[in-house]
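**Q** Two chains, each in its own frame: build the complex with the hints.
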Amino acid sequence: GAGVSQSPRYKVAKRGQDVALRCDPISGHVSLFWYQQALGQGPEFLTYFQNEAQLDKSGLPSDRFFAERPEGSVSTLKIQRTQQEDSAVYLCASSWAAGQGNTIYFGEGSWLTVV
Amino acid sequence: QKEVEQNSGPLSVPEGAIASLNCTYSDRGSQSFFWYRQYSGKSPELIMSIYSNGDKEDGRFTAQLNKASQYVSLLIRDSQPSDSATYLCAVNVPDKLIFGTGTRLQVFP
Chain A
3 GAGVSQSPRY KVAKRGQDVA LRCDPISGHV SLFWYQQALG QGPEFLTYFQ NEAQLDKSGL
63 PSDRFFAERP EGSVSTLKIQ RTQQEDSAVY LCASSWAAGQ GNTIYFGEGS WLTVV
Chain B
643 QKEVEQNSGP LSVPEGAIAS LNCTYSDRGS QSFFWYRQYS GKSPELIMSI YSNGDKEDGR
703 FTAQLNKASQ YVSLLIRDSQ PSDSATYLCA VNVPDKLIFG TGTRLQVFP
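Protein chains in written order, with my numbering: chain A, 3 to 117; chain B, 643 to 751.
Isolated chain B, as found in the complex (with noise of 0.2 angstroms):
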């Protein structure tokens, strides 16, 4: 079992709509949660942590953490065809990243 679990999609949702993203992690001594955009041909680029249980919103973006599931979420609302990319889920464990082979995501107009 990988360390930290996506589904490679690709996921398609059409502009304004919400999209979702999934990850599971599998060690339960990991405290910290990133959620990385890659867009194709560039560097993953942070778009948001999360270290509590619970619900942490940030413009269009809600990160969603239940650390009882191992279960961490990224919904993305009123997507836009910019947000058209590679989303990766990642996890400390416990002094580096492990990171899932991402979701692509696809916002058609």
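Same shape as in the complex, but just chain A (with noise of 0.2 angstroms):
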């Protein structure tokens, strides 16, 4: 596809329940990220990918949260046994390569309301 697609868009969970959140990143695209924005703040850094190596997890708020890219091209981000302050919206980007100066590209994100 010609963007970051991210499904669902849309997402009412109840508390307690597990999710699943899927990233198509650009093709061609080898960095992968995950970032978390709360409604009134900036993207917050969740995890990265390189190809299929999840090279930097540090921003995972605790271990209910799960991410994978195992054949290196879709991701998807779990959580696990949701919690109301999970509600936010999860961001997708992507980029050619890693390093200073490449340029990110955000998907449209996918909305999370737990309830």
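Derived from the structure by calculation, the hints contain no laboratory data. All clues stand as given, with none of them false.
A few chain A residues facing chain B, derived, Cβ under 7 angstroms: (1) Gly44; (2) Phe47; (3) Glu110.
PhoX-like mimics (lysine-lysine), calculated; alpha carbons at most 25 angstroms apart, straight line: (4) B/Lys698 / B/Lys709; (5) A/Lys13 / B/Lys684; (6) A/Lys13 / A/Lys80; (7) B/Lys644 / A/Lys59; (8) B/Lys709 / B/Lys644; (9) A/Lys80 / A/Lys59; (10) A/Lys80 / A/Lys16; (11) B/Lys684 / A/Lys80; (12) A/Lys59 / A/Lys13.
A virtual CB, placed ideally from N, CA and C, is assigned to each residue, including glycine.
**A** Printed below as a string of structure tokens:
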């Protein structure tokens, strides 16, 4: 596709439910990032992949959050036992390569509401 | 101290004026700096990148970088109501982008 594609666009989950958010990056992009954006805040870094390798997961807020990119293309962010504080927009972004100077492009986001 | 700091605003300017948005960062090793614009309910879109000290101009936008002062700014000339959005400053640290909280800009007719 032409851009970064995310699904679902909107998800309402009951507290305690598990959710899975999918990201399909721009074709050929090596690097893939997940960010969490709460209302009125800037995007907060969660994790980063280079191909299938998860090189940095320092931003994942708890062990309930898990991300994978098994074949170096599509990525899934999984949140187990969702809590109300998990309500946010989850943004996926990709770039040609890692490192300084490489522009990252964002998808439209997955809006998660935990009730 | 947050790695990237911005005034949250709102910054209100009249149509046709210059809007000045500022950002400071803490990592002296950062080499790449970006400004993203985010409309309400939409994802961030890149409007400017800058890598060297000085000014970089693109249309009505000018980015300014001062690495010694760890300061990045964005000037928007001839501001239009359509420029009303949140402007996010982002800094490479080193293989990921760290964002500020954003400055909300309001341009009134």
